[in-house]
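*Asks:* Chain by chain, the residues:
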Amino acid sequence: MNKIFRRTYSYYFLLPAAIIYFIIFILPTLMSFFFSFTRWDLTNWEFIGFDNFITFFNEQSLSIGFKNTVIYAVVTCGLKVVSGLLLGVLLTSNLRTKDYLRSVIFFPTLVSTIAVGIVFSVMMHPSQGIINMALDFIGIQGPDWLGNTHLALFSVAFVDVWKGVGFATVIYIAGILSIPSEYYEALQIDGGSAWHKFWNIIVPLSRPATNSVIILAFIGGLRSFDLIWAMTKGGPGFTTDVIASIIYKQYQGGFYGLATAGNVILFLVVTALVFPLYTYLNRKEVDL
Amino acid sequence: MKKARKVGFEVLAVCFTIVAFWVPFYFIFVNSGKDAREASSLNISWPSATHFWENMKAVIEVRDHMLIRAFFNSIVLTLVSIAILIVLAAMAAYVLQRRRDRFTPLMNFLILAGLIIPPAIVPTIWVMDGIGLFKTMLGLILIEVALSFPFAVLLYKGFMAAIPREVDEAAVIDGSNGFRLFFSIILPLLQPVTATVVVVSAVTIFNDFTNPLYFLPGSKNVTVQLTLYNFQSQFATQYNLLFMNILLITIPPLILFLLFNKRIVAGMTAGSVKG
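Same order as they appear, the protein sequences are chains A and B.
Counting in this note's numbering, the first sequence runs from 1 upward without gaps.
Counting in this note's numbering, the second sequence runs from 1001 upward without gaps.
Chain B on its own, in the form it takes in the complex (with noise of 0.2 Å):
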């Protein structure tokens, strides 16, 4: 009695998911696959007669395959403000977590800030405007890299505390200087956490919109999901299209998900709780 409970239960909240989250990704998929007078009723049967190929490209062909610009912008901003993030991360980490020093409680309250404090946007303008920086790519990664950073910090901070000093003192001994233990040593030796690191971040940047949408206008700049933003007007009559964008914007991080997930969701955590 008390087992069929439990299995009746276990249904229950199987049949639970599928509504509230299989249904909206459902709904995605299947018009995706319509045509665009279909697509307007907006429910959720099968396509009559199925478009998928049709509508990817005709996605990808608009406004002059302004969505493979956008990938390509999307994927090299991501990539770049990663590796960035990560030897500069690691660096900092590195120093604040091994020095005691007057000077450590103020940078570690530094750090804790902008894990906090939104930015101001208008001033963020203003200073990149003054550096030449402004509307560039170049601009939009240290932008990245500059708020993901807390976080990164954080994250290698508490993996570094777990590697013994012993590893440093022997390495000083033999005659490393802090360049050589650092780059030959400890940034091997903090692997699992850069690996954590990179996929966090990848999921966090390449999702990101509102720092596109402030500091890299223009369609010349696009990233995915500013194509997204981007369609939403002009897409009004044509839902198959708009949902055919989504799906293809969807796939990175659905990869990342399926390769990473155990990763993604132990770099969250351990985030979570030291943040």
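For reference, chain A alone in the conformation it holds in the complex (with noise of 0.2 Å):
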């Protein structure tokens, strides 16, 4: 029987995938670690130690994108998981217009996010844009906000939970109507409030979604590299500079053993992260 076994699963049948899937994405990522410590053409490569590592770090404007990567990561992260629970919430509630705005909601996912990021640059110019326009109506005087060095990043990051958001909220959507109903009627006969249902009900359970949303926003916001090159190409100066978008900097400059450098450093940070925080959050979840 087991030989049956083996010839029925047999692992021919991942060959052709295991193949493509290591040429292209397992064998690169072994060889960036040592590429990352040449100076290099694609043809040429020249071992320099750890000169692109210490280069990374010692120029301000390479080592900001280390810090805006962690800030990017943890403000889109954590914003999309407030707004996605509030979201979820909402939309399990019973609304007439609940569809609707489920719709709504999650469709910027699925609009290409250069669009989305040209659209909100245009919108926020500091003088025409109609954001400004708009808090100018209503008597405030609005603020540069892709030019002001202190605030740019934040305006991106704003534009990305704008675009994520809805994913985020399908995510608790599902966990939320997961939850089985005797929660509900038990807080009903002991006569619990919304905010008892909320807090003590709703929170602790859709604790499975909380973890999915963190570490897929997390590992996102970490990658993240299009909508900020599409709204501020990095900059002003260097101040919306992330890990992704200096690797394709570097990359356009030929420098080519410092933008590998620059994966590595990326490839550290988010195993360095991401695993840490995942096996804490199943651990939590564990406990409940």
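No lab work stands behind these hints: they were computed from the structure.
Watch out, some of these pointers could steer you wrong.
Chain B stretches covered by chain A per the calculated footprint, using a threshold of three residues with CB under 8 Å from any CB of chain A [claimed, not checked]:
(1) 1020 to 1032
(2) 1091 to 1100
(3) 1175 to 1184
(4) 1221 to 1229
Every residue gets a Cβ at the ideal spot worked out from N, C-alpha and C, and that includes glycine.
Dock the two chains into a complex; use the hints.
*Replies:* Here it is as structure tokens:
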């Protein structure tokens, strides 16, 4: 039987996928560790030790990307969790317009990131943009959303949340709908308020949804490139550069070794933050 | 009283979505129908004279009909990538879900890693260059397949688990080999999840910007997302054409959304909860 088993589920089925996946994903990932220690023009390489990494952390225009990447990921992730949870609660209550609301909030997820970035950067124009015109109308002097060095990264993060909140919301909707109705009945018998329902039932029991949203939003935030590139190209100055945009800039400049070092740093940041986070969240889930 | 408050709340919620979600799309729409001078004031008034048709023609004709080429390339890229992805991911999931031996944990780990780790850009270019596929459509197709593979396998594995093993055993006893079992029994049974993989990857690959930017440069091979990028500097003073371009490339995802809304949502949530 074992032989039949092995023949029926032969590894030959896996082979074509494994070859493509290995050559295009795993091999370059492994090679990146080597090439990050070189000066390199795709054909000739010269081993230069830790120079690329030293450059990366010493040059202010590069090291800022490290900080921005983490800030951007934490901010977008946090906002997506909070707004996704609230919208999820709202859209699982018995509203008549909930199908409409669900669709409208979800649709931006499917629109091209570049298009969203261009549209918002136009709407955020400091004097002519409709956002500041609207603020002006109610008597508030709007800031220069993308030109202010302290604000620009958060403006981009805001657009990221606008585009991604629909995804977080549908995960929460799925999570909240899977909570058994006995909990709500018990609460009703005990005479709990709407606040109790939210805080003592929905928040703890939609924990698996929260974990998914945190992990996905956090990974997405760390890897983010398109939106930042479409909106600010890392500017003003280098204030909104993240690791992914620095990789692109170094690649364009022909500094392949440095670009690869950027990739390795991004790899390390992602694994160093995501794996512990993942274990932590899953441990909490077991405790429940 | 309570009912009135509820209705009031709903009205408020709908108004909020109009401001937050309809305005940006309305903004794209009205500006794509203005002339260049009027569009440059960047407001949301209705165009004083509509130019939708002229703008559409102008956008399509720019740079020797680049947009048509881009649509052709994007559609080829999306369709071929999805076709390859489905067969490869379904076959991989078939083996990985049914078999349990000392190699499967390692393989599952590598697939999970693909969901988390960002691809190494320049080394990928180096590898593609080495096998002669850099700057080719086939190369980009294989990249899209490899990068969508982990997500598709997880979806397929989840669904495979629900197909009883008795189905396999019956087929084997009737004399099917693995090949026939997979292609004539398992793959047809996987049809619902295949539909999910198709729509979700169609949207992702059609909207992909980063991979074509790196791995398929050059205006001959341009894809729709890169037309925006190319037009952005060119259209600095012609916002009407830029917005018409955005409008045109938003139509395919919009159609998919209108047709498959439920399936897309189901697919994305299923994949995420398992991932």
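*Asks:* The structure should be examined with respect to each hint, and the outcome stated for every one.
*Replies:* Tested hints:
1. Evaluation of the coverage hint for the region 1020 to 1032 of chain B: fulfilled, as 7 residues show C-beta separations to chain A shorter than 8 Å, against a requirement of three.
2. Beta-carbon proximity to chain A at under 8 Å applies to 7 residues in the region 1091 to 1100 of chain B; the threshold of 3 is reached and the given coverage holds.
3. Closer than 8 Å: that is the beta-carbon criterion, and the region 1175 to 1184 of chain B has 4 residues meeting it against chain A, so the requirement of 3 holds.
4. Only when three residues or more bring their CB closer than 8 Å to a CB of chain A does the claim for the region 1221 to 1229 of chain B stand; here the count is 4, and the claim holds.
In this structure, every one of the numbered hints holds.
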